[in-house]
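Chemist: All chains should be modelled from the sequences, with the hints used to inform the complete structure.
So the sequence lines, in the order shown, correspond to chains F and E.
Read in order, the letters of the first sequence correspond to residues 35 to 599 in the working numbering.
Read in order, the letters of the second sequence correspond to residues 4 to 754 in the working numbering.
Don't take every hint at face value.
[What the hints assert, rightly or not] Just the calculated beta-carbon pair ranges, DEER-fashion:
no., chain 1, residue 1, chain 2, residue 2, range
1, F, LEU56, E, GLU201, 45 to 55 Å
2, E, ARG508, F, LEU515, 35 to 45 Å
3, E, ARG542, F, GLU561, 27 to 37 Å
4, F, LEU533, E, ARG673, 34 to 44 Å
Keep in mind that the hints were calculated from the coordinates and are not lab data.
These numbers come from a predicted model, not from an experiment.
By construction, the Cβ of each residue, glycine as well, lies at the ideal position given by its N, Cα and C atoms.
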Amino acid sequence: MEAFLDDWGLTILTFLPAAGALVIMGIPKPQEHLQKAAALLATLSVAIFAVLLLGWFDLDSAGQLQYEVDHSWIEVINSRYIMGLDGISLPLVLLTALVVPLCVIYSFNHFPEPYNPKAFLSLLLILETGMIGTFVAQDLILFFVFFEVVLLPMYFMIGVWGGENRRYAAIKFFLYTLFGSALMLISFLALFFLADGTLAGIADVNTFDMRALSGGATTAIARTSQLWIFAGMFLGFGVKVPIFPFHTWLPDAHTEAPTVGSVILAAVLLKLGTYGFVRIALPILPEAAAAWAPVIGLLAVIGIIYGALGCLAQKDMKRLIAFSSVAHMGFVMLGIATMTDFGINAAVFGMVAHGLITGMLFFLAGSVKDRYHTLDMSRLGGLLAQAPRMGWILGFCAMASLGLPGLAGFWGEFPAILASYNPAGILSEAVFRTYMVIAAVGTVLAAGYLLWMLQKAAFGKPREEFVDSPDVKDASKLEYLAWAPMLVLIVVLGFYPRLLHEATDPAVGESLVLNVGDEVYDCLEIEDGEQCFDTLRENSAQISEHASSRQASSQQVSSQQALAK
Amino acid sequence: METFSLATQLFAAKTAVFAAETAGEIVEASGWFLNNAWLIPLIPVASFLIILFFGKRMPRGGSEVGILAVGISFILAVATGIQWIAEVNSAGDNAAVSAASRVWTWWANGGISFTIGTLVDGLAVVLLFVVTLVSLLVHIYSTDYVAGDRRFTHFFAFLSLFTAAMLFFVLSENTLQMIVGWELVGVCSFTLIGHWWEEKPNSQAALKAFLTNRVGDIGLLIGVAILFFAAGETFSVLDINARAIAGEIDHLPLLVAACALTAAVMSKSGQFFLHTWLPDAMAGPTPVSALIHAATMVVAGVYLIARLYGVFFEGFSVAGSSINLLALIGGATTLVGATLAFVQRDIKRVLAYSTISQLGYMVMALGVGAWTAAVFHLFTHAFFKACLFLGSGSVSHAVHSFDMKSDMGGLRKYMPHTYRTFLIASLALSGVPPLAGFWSKDEILAGTGGWGLFGGTDANGAYTVMLVMGIITAALTAAYMVRCVYLTFFGEYRGHGTPHESGPRIVYPLWILAGLAVVAGWTNLPAGFQLVPASWTERFGHFIEPAAGVKYFPKIAHAHPSWTLGVVSILAALAGIGIAARYYFGKVRVLGAGAAEVGAAEVGAPGAAAGTPSAPATPSATELPDGLTRRYPVFSWGYKLLENKYYLDHLYTRVIAGGMKGPVANAAYRFNQEGIDKVVNVTAQRAVQAGNFAYNVIDQKVVDGVVNSTGSAPHMAGEEVRRMQTGKVQTYAGIVFVGAALLALVFIIFL
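Modeler: Written out as structure tokens, the structure is:
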């Protein structure tokens with residue numbers, strides 16, 4: 035079993051949903067029950083398979099990539115089919131594998147107009163392949179492919195099953211993200227040409243291998259080039275996160291997307307961006323990351339305050355939750371910007387917590403809309419009276435979202451604040467401490483808009499128009515089934531955050547300390563880091579020159595041989 | 004189990020003694036109850052879950068589980084207290100007993116480990132006792148008070164959760180754990196204030212309470228973060244204190260941390276100028292007000308200072324020669340609270356402002372270095388204030404209102420038990436000897452060391468102004484309690500129907516608390532109090548204050564008790580009582596009798612002057628018609644200022660919150676939609692325009708023109724390309740990406 039999982043585990047996990055999608059496409063359209071059953075079966079088997087992988091995952095060496103596969107793929111550009119799972123990917127893969135089946139369960143009787151479960155479920159499964167693939171890919175091109183595969187199903191989900199303004203929202207989502215990823219691709223290509231794989235101990239000079247790139251292959255790249263490359267990646271990932279001021283696609287996409295689309299968008303899709311920072315941008319270009327970190331931190335704290343203010347101005351409940359994502363992802367980005375293992379751990383925790391909590395909030399918003407046929411908060415009210423359990427769940431999620439200790443949200447938020455008091459040595463303490471204070475103010479605003487929403491939606495007496503509405507009833511069994519795992523996890527992670535840190539901690543340490551090499555890490559930890567990096571670069575450049583001249587000569591030899599023939 | 008526990012206890016006691024003999028100086032307290040104090044919060048947690056999930060199906064709606072759980076916790080708390088006292092006794096004079104701490108690793112990341120644990124010492128023991136006792140009495144009281152409520156079970160579930168959270172907070176071994184407990188009690192407070200959330204004022208009050216506390220929490224988060232790094236990456240309360248006292252932390256971070264934490268204290272413990280949520284919190288059921296907003300949760304801030312006293316003591320240089328922030332805020336709060344208590348019509352609001360004022364005493368005491376006096380006052384205040392709140396609840400149970408002016412009066416005839424207990428507690432609050440409030444308040448006053456008369460801090464006389472504030476407040480307190488007692492229990496009944504005394508489940512808790520309001524003060528009789536044997540004095544201080552020599556507690560100086568000061572404070576209280584009594588019992592009462600004869604309608608004049616609806620004409624007046632406010636504009640302005648609560652609420656609700664929610668948020672959102680988003684949209688539009696230009700002008704006219712002119716363009720293909728290009732952008736992009744995805748799939752499979 036172990037050998038099998040080692041060889042095939044990640045490939046099967048990634049493509050199992052796609053296979054499920056093919057099966058569903060093969061089922062004739064009228065047989066909806068069969069389609070639903072197939073979708074459930076496929077997603078559940080993905081979840082079970084993910085649990086299997088977890089079972090054989092060696093937590094003690096969560097810092098290393100496990101189930102690693104490495105096959106040649108596109109030889110022309112030396113891109114390889116490399117996949118691997120470590121402690122940072124693992125929670126996100128599990129989150130994805132959990133959320134998608136819950137979405138399928140929730141959809142059973144919630145298919146939005148124009149119905150068509152067959153297409154909807156197929157898209158959902160293709161989406162899952164893209165998401166899991168992104169989290170396990172260890173080659174930049176492979177990563178890019180999966181990153182883009184995610185786009186299309188989501189585009190259709192919004193554009194076909196969305197609200198009134200769906201076309202605008204869908205195209206905006208699509209083009210905006212595409213714009214970001216185009217720049218990201220350019221950065222990847224630049225890395226391919228500028229990095230020197232031999233510095234990281236592999237045979238090829240030009241490589242897309244993320245392990246080599248984050249293992250020192252980039253140390254010889256000139257500082258300016260690094261800064262530009264990082265900027266490209268920053269835009270690519272930043273749009274996805276989204277970082278202020280690249281966030282404007284998000285409220286539209288969320289508001290117009292069908293419930294399940296919003297849930298996936300919030301729970302997983304946004305994490306692709308932050309994951310990109312943690313997995314690619316930071317370890318591959320630590321020097322540039324350190325130079326950019328104050329900017330990232332600034333945009334993060336602006337996002338925290340700005341997102342909260344945006345929330346306070348909303349009249350639509352779903353749009354409010356959407357804006358809250360901008361604020362919450364600000365905390366995640368702040369954690370990342372500190373460039374400490376503590377802060378990045380907090381960020382990874384924040385990703386998972388936000389996925390669960392905001393995912394839940396979108397589920398609830400969807401269910402409220404089903405009952406009241408509106409999300410206009412001035413018309414809502416009295417949910418606690420009419421559907422007490424749902425009202426309580428809403429209250430619970432609002433509390434979790436505002437970062438109540440004892441629930442998952444807190445462990446993403448407070449450690450990020452803590453980390454920004456003491457960022458990596460190369461960064462300015464004064465700047466990050468200012469960010470800390472601003473972020474702390476953000477927690478008040480978060481409480482403000484969430485409780486305000488709770489008050490509007492749940493407290494008070496029901497409006498007259500809804501008092502006798504037959505649609506307004508408490509949560510159904512299917513809804514409970516879909517929500518229970520997320521609610522339980524919010525509590526469990528809140529009380530026992532170790533569950534997650536056990537996996538992420540070694541991996542984060544690895545990505546910062548070991549992957550990039552002790553010397554690089556040391557440079558990050560001293561105030562005069564810039565000079566340290568310069569010295570490092572000179573040393574690397576010398577080695578690199580030897581290496582490239584050697585290679586050049588060998589190429590010459592081979593070309594001469596070819597000529598001779 | 005029992006033998007085991009007994010054995011552990013004996014063993015632990017022996018090791019402690021053994022350690023004392025060998026180590027000589029400091030012994031860590033140990034014992035089964037001290038080491039297993041984690042059980043005390045855990046039991047109410049279990050009760051919360053049981054009530055939440057099964058409460059509705061139980062015969063008494065879950066209240067029986069809550070009472071049982073808190074009862075067990077109470078017994079455990081008492082046992083823990085006894086064991087602590089035994090430890091202190093067994094150590095004798097030769098050794099200092101330090102807190103019993105147990106620590107488990109909760110989780111770790113980035114090389115930092117987060118622990119969870121219990122810390123039991125004298126301070127914790129006092130709070131455990133107060134919280135479990137008041138909670139138990141409130142539980143019993145509530146079975147009658149909220150009987151028949153629409154959310155009876157839910158009410159008890161959250162009482163349990165609150166008790167658990169508070170106990171968890173009290174037992175905190177580290178600052179992170181404190182944050183957790185701190186926030187959890189806040190949430191329980193939120194849900195219980197908003198217990199009747201159907202009515203908007205209640206949910207507003209709940210929101211206000213939570214948000215105001217959140218403002219203070221900024222300080223808590225920042226303070227804890229600073230201390231964490233300043234003390235060498237630790238959350239441990241003992242370590243942080245020890246390092247602060249040993250001078251291992253620079254003064255600046257210490258000062259900033261202390262200021263930040265003070266913000267948290269201000270919000271949680273209702274200190275001026277973040278106190279405004281507390282009176283509104285009275286929208287919750289009265290037992291909640293007694294438990295959470297008088298006896299326990301609101302003292303969390305005081306407890307925080309007492310717990311991290313090393314930080315505050317060193318950070319604010321309490322022993323120094325200048326007045327510090329803590330003393331100033333505390334002093335201001337006592338006065339603000341006491342003055343505002345005068346103008347309330349709502350009996351619970353009088354008590355709420357009184358609580359603010361008394362909390363001010365405690366914070367002030369900590370600010371001037373009188374640690375034991377502060378904790379002692381916390382202890383005595385819990386009993387008489389809980390008694391007063393529960394008494395007001397009993398009254399409202401009978402008259403279905405909290406309005407003293409329109410619906411009460413003359414109740415002493417109808418509710419003798421409530422009246423007597425309320426009176427005892429009022430006297431205790433007013434500082435009439437030998438009741439509890441007198442002893443603790445007097446100790447605080449002495450602790451200020453005013454004019455350098457009574458010792459106290461090393462810098463004699465620095466806190467004279469605090470002593471003056473304290474004495475003025477003492478007089479004011481006595482006066483507003485006379486007003487409250489008069490309006491409620493004297494004169495003629497102004498409400499509807501015939502009030503009746505409450506049932507036993509309400510009356511017994513009242514008597515227990517009233518009894519404690521009498522005797523609680525005797526636990527810390529001042530040294531040199533000749534009426535009792537010397538061994539009876541200062542018991543509270545002896546057992547509760549950390550022994551000299553332990554590393555986590557600063558060396559504080561102690562004030563000498565003073566007969567003179569005692570007399571002065573008694574005189575102040577009597578003066579307050581006298582003036583108020585002369586006004587109410589002398590003039591108003593007589594007027595009331597006269598008014599009854601002539602049927603005069605002009606009563607409640609100050610109320611009318613301030614624009615509030617005046618009390619209806621009844622035989623029992625509540626204020627004089629030609630009072631000071633009528634005669635002198637200065638008093639009228641003063642009254643108006645008080646009536647409007649110093650305009651703080653206006654500032655917070657209208658200006659700050661309203662501004663944030665209204666103009667600021669809307670401006671930000673408009674910037675979002677018409678600024679940033681406009682850029683995005685315009686870019687897209689320009690791109691489409693450019694595309695159109697490229698297609699219509701360049702492609703069709705120039706390129707295609709060239710092509711057409713050559714006459715060799717394949718017509719069919721041109722049509723095809725054109726359809727793709729003129730089609731919707733999304734179709735186009737979609738096709739590109741279907742292509743890309745397919746290509747990728749092909750690559751993956753075949754290359």
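Chemist: Look at each hint and say if it fits the structure.
Modeler: Okay, the hints, checked on the actual structure:
For LEU56 (chain F) and GLU201 (chain E), the Cβ-Cβ distance of about 53 Å falls inside the hinted range of 45 to 55 Å, so the restraint holds. Checking the proposed 35 to 45 Å range against ARG508 (chain E) and LEU515 (chain F) shows it holds: the Cβ atoms sit about 42 Å from each other. The hinted range of 27 to 37 Å is not satisfied by ARG542 (chain E) and GLU561 (chain F), whose Cβ atoms lie roughly 55 Å apart. In this structure, LEU533 (chain F) and ARG673 (chain E) meet the distance hint of 34 to 44 Å, their C-beta atoms being roughly 43 Å apart.
Figure legend: structure checked against the earlier numbered hints; the only hint not met is number 3.
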